[in-house]
Amino acid sequence: MSQGPKKRSSNTGKGYRAPAPTRDEPRRGLLGSFLQPRPAVASPMPKGWLSYVRGLGVAFSSPILLGLVPAVVLVEWLVLLAIGSQGPFTFLAGAFQWPGPGTFVDTLVSAAVAPSAGGALAAVFVLLLVRSALLAFVTTVAVERLRTGSSSTWALRRALHVLPVMITANMMGLALYLIGSILGQVLQQIGIGFLLFVGGIAATVYLTAYAPAIAADEEHRMPAAMQRGIRTSRMPASGTLMVAVAYTIAMFAIDLAYLPSAGLRVTPSVTQWAGVIAIGYLNVAVAAMFAFRYLSVASVVPEPAPPQRRR
Amino acid sequence: MKRPARAALVIVVMLAAAVVAAPALAQATDWSQFQGGAAHPGIAAGPQPGLAEAWTFEGEAGGPGERFGLSAPVIAGGLAIAVGAEEVVAVRMQDGSAAWTAPKGLGPSVPGAVASGDDPTFLYTEGWGDGPPAPAGQASPTASPSPTATPSPTATPSPDAGDAASGPSRLVAVGIDDQEQRWKVDLPDVSRSGVTLLGDLAVVGSNDGTVTAVDVGSGDTAWSTDVGGAVDVAPAAEGDLVVVTTRATVDATTALVGLEVADGGERWRFAPDTGAPFAGPPTIADGSVYAGFADRTVYAVQTGDGSARWSARLNGSAPVSPLVATPSAVLAVDVGTFGSQVYALDPANGRRLWDHPMGVPVFRAAPIVVGDAVVTGGIDGRLRAFDLAGGDLIWFSPLGGPIRALASDGETLVAVGAKPVSVVGYRHDAAAGLVAIESPTAADPGGLALWWAVATIVVGLAAFGLGRLLTRRTPLPMSFPDDEPLPDEEEDA
Chain D
1 MSQGPKKRSS NTGKGYRAPA PTRDEPRRGL LGSFLQPRPA VASPMPKGWL SYVRGLGVAF
61 SSPILLGLVP AVVLVEWLVL LAIGSQGPFT FLAGAFQWPG PGTFVDTLVS AAVAPSAGGA
121 LAAVFVLLLV RSALLAFVTT VAVERLRTGS SSTWALRRAL HVLPVMITAN MMGLALYLIG
181 SILGQVLQQI GIGFLLFVGG IAATVYLTAY APAIAADEEH RMPAAMQRGI RTSRMPASGT
241 LMVAVAYTIA MFAIDLAYLP SAGLRVTPSV TQWAGVIAIG YLNVAVAAMF AFRYLSVASV
301 VPEPAPPQRR R
Chain C
1001 MKRPARAALV IVVMLAAAVV AAPALAQATD WSQFQGGAAH PGIAAGPQPG LAEAWTFEGE
1061 AGGPGERFGL SAPVIAGGLA IAVGAEEVVA VRMQDGSAAW TAPKGLGPSV PGAVASGDDP
1121 TFLYTEGWGD GPPAPAGQAS PTASPSPTAT PSPTATPSPD AGDAASGPSR LVAVGIDDQE
1181 QRWKVDLPDV SRSGVTLLGD LAVVGSNDGT VTAVDVGSGD TAWSTDVGGA VDVAPAAEGD
1241 LVVVTTRATV DATTALVGLE VADGGERWRF APDTGAPFAG PPTIADGSVY AGFADRTVYA
1301 VQTGDGSARW SARLNGSAPV SPLVATPSAV LAVDVGTFGS QVYALDPANG RRLWDHPMGV
1361 PVFRAAPIVV GDAVVTGGID GRLRAFDLAG GDLIWFSPLG GPIRALASDG ETLVAVGAKP
1421 VSVVGYRHDA AAGLVAIESP TAADPGGLAL WWAVATIVVG LAAFGLGRLL TRRTPLPMSF
1481 PDDEPLPDEE EDA
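Quick mapping for you: the protein sequence lines, in order, are chains D and C. Quick note: my numbering has the first sequence finishing at residue 311, numbered continuously throughout. Quick note: my numbering has the second sequence finishing at residue 1493, numbered continuously throughout.
In case anyone wonders, no lab produced these hints; they're calculated from the structure. A hint or two may mislead.
To be verified - Quick list of simulated restraints, FRET-style, between CB atoms: (1) C:G1065 with D:A120: 34 to 40 Å; (2) C:P1481 with D:Q189: 39 to 45 Å; (3) D:F194 with C:L1450: 37 to 43 Å; (4) C:I1437 with D:T271: 49 to 55 Å; (5) C:S1479 with D:A120: 43 to 49 Å.
Note that beta-carbon positions come from the ideal geometry of N, C-alpha and C, so glycine has one too.
Model the full assembly from the supplied sequences, consistent with the hints where possible.
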């Protein structure tokens, strides 16, 4: 029986430090950083598509994860029916979405099922907790499979350690979603409202992508795991921003186009079941992708700068 | 022996005449005000679906920007009469031809009412105060006098239309036979409620919260009372009770208010503190008042004291159209994110008997019951008929322009359309195909389990096969740069 990956303290790699600018360097204008050719920076972070293929391999070769998705979708649907909801069933495609896009779906589902504004807020938190627990478990299973090649009960126990990080990530997603919504409404007049709204969701993915994998793989408390996750995202040439934006756009397209497509229906068709389960699988693979990407660079993630002494 | 034989003959002849005339008498009934009566029953004997289009009257949009259509029609004396922004239109129920058109002062397109009698009159409201809501990006136009009269097939002189100087709004009575004005009464504010007739009393609500009752014969104001919030949906009335719905204000919640017919005194007030900003028109039936509120809830209260009987949650937002209360079911149509849904609720306790999602919104057209079916009109222009007993979709019309209102005289179902503005008559047609489509919200546990299992197996196996393929190329566990023992671990060893 697997005992799970070795518990690690933080790595001992050197901190990243930006090179000091030389004197004869030409002064940059407002768009200088965009217009100037970027220096080639070698990054140990795997490319986006390669990462996702690895994530697919990790997720799809796990009978536990393959069984978890349809089981969760079925149970969630039965619970929704029991409390009087009639759909749309395709909302459940958001059951395994990462914080950000998943938060957006949570708000849609809560608005559809809750009787009042207070009830909708409570429903958002319930859905947030459920999705946090599911993604904590999925991430932990992915880390264990990447480290040991198998899954064990360790993942279940370890997921409890990851849960606070995942809840924090989702809370961050909710906060950014609300800020994005408010700013989006305010700035709708000048045409960037929607951009800000989507930007808030992408920012959540960018900031929270690696923290759960860190919590699963290493012995960090929640704040340290979150900070280390953000430092991982900010590593030069990590491509995390592109991954976050691509994932957000893909999920947003699904959320807006596919989710309402079922309409109100108690007995989903076989294609609706298949679609929701397939989208769930693809999202589980995204969680595995983030775990793979973190483990690939765990040894070179910069350490936080030491606190400066007071003079 | 002669006398009994003659009497028997007379009886036989009368019975035969009754048998022949009965269907015609049963079918040709008036729908003289909004939803067919003061209590808003919304029930007609027919026509039973399937239906076929019998005639079409093509109208014109009016008002600033020509963006206002016709109101819900009323039917009386073989005419369907609808109110536009600047004219009143009467259409012959027989063939859909225009009977007359009468100009009116600019005002909301809200239903009028027919007061029958020796001199049948049509009552409607006009006047828009500072003007109608402007389209986005345009300033609201100010109230303007009535435009020139629209040419009418039976051109008649206009009543004193467009007397905008006399106040923000007016209740007007014109003769149906000559379209001459009988009287005109100033109202304190713009009226969007339409006119409800109870005996000799015409009741209208205004945006400032005033409810005004006017004697139909003389045009004298019988009483006027302030109920708080705006009264912008049709009052309902039955017996000695008038019920109005008030919109929420800064210091008052949305409420159903029961008023005495005699003097307008407030008998009771039902105001659930749920934050609903508005509610639909009330319907009175069998000692209960029914109304849908914007908190997604249908409420039933006692007509006697306004106490709550039951409440029922709907999926979507408030029914903005009135409910239809039959002895077996209270019928409501909501407006939800995923289209509208028609509900049948148990009149005894509000329990949901059935519901049927339509997938498109029904914004204005109130549902009506014709025969054994409830009919709705969606913004997709489609009439849909549902079996009153079980909720199956039993008939639907082709798509068209948005449907704004429905009415029926028992023989012809009238649908008022927008874009293009039209009045369409439908009659029963045995050749029109009926269907039997069960509601998608009807439970099917067996199907649910079967489709879930099939999808799980198919998608799961496909994913597992892909996973095996990928892990064959890149086996698990994978090696990572930090797999080597850390320095402190080596020292420990």
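Verification of the supplied hints:
Judged by the Cβ atoms, the range 34 to 40 Å given for G1065 of chain C and A120 of chain D holds: they are separated by roughly 37 Å. Taken as a hint, the range 39 to 45 Å is violated for the pair P1481 of chain C and Q189 of chain D, whose Cβ atoms sit roughly 50 Å apart. A C-beta distance of roughly 41 Å is found between F194 of chain D and L1450 of chain C, which places it inside the suggested range of 37 to 43 Å. Against the hinted window of 49 to 55 Å, the Cβ-Cβ separation of I1437 of chain C and T271 of chain D comes to about 19 Å, which falls outside the hint.
As the Cβ distance of S1479 of chain C to A120 of chain D is approximately 47 Å, the hint placing it in 43 to 49 Å holds.
The structure fails hints 2, 4 (numbered hints given earlier, in ascending order).
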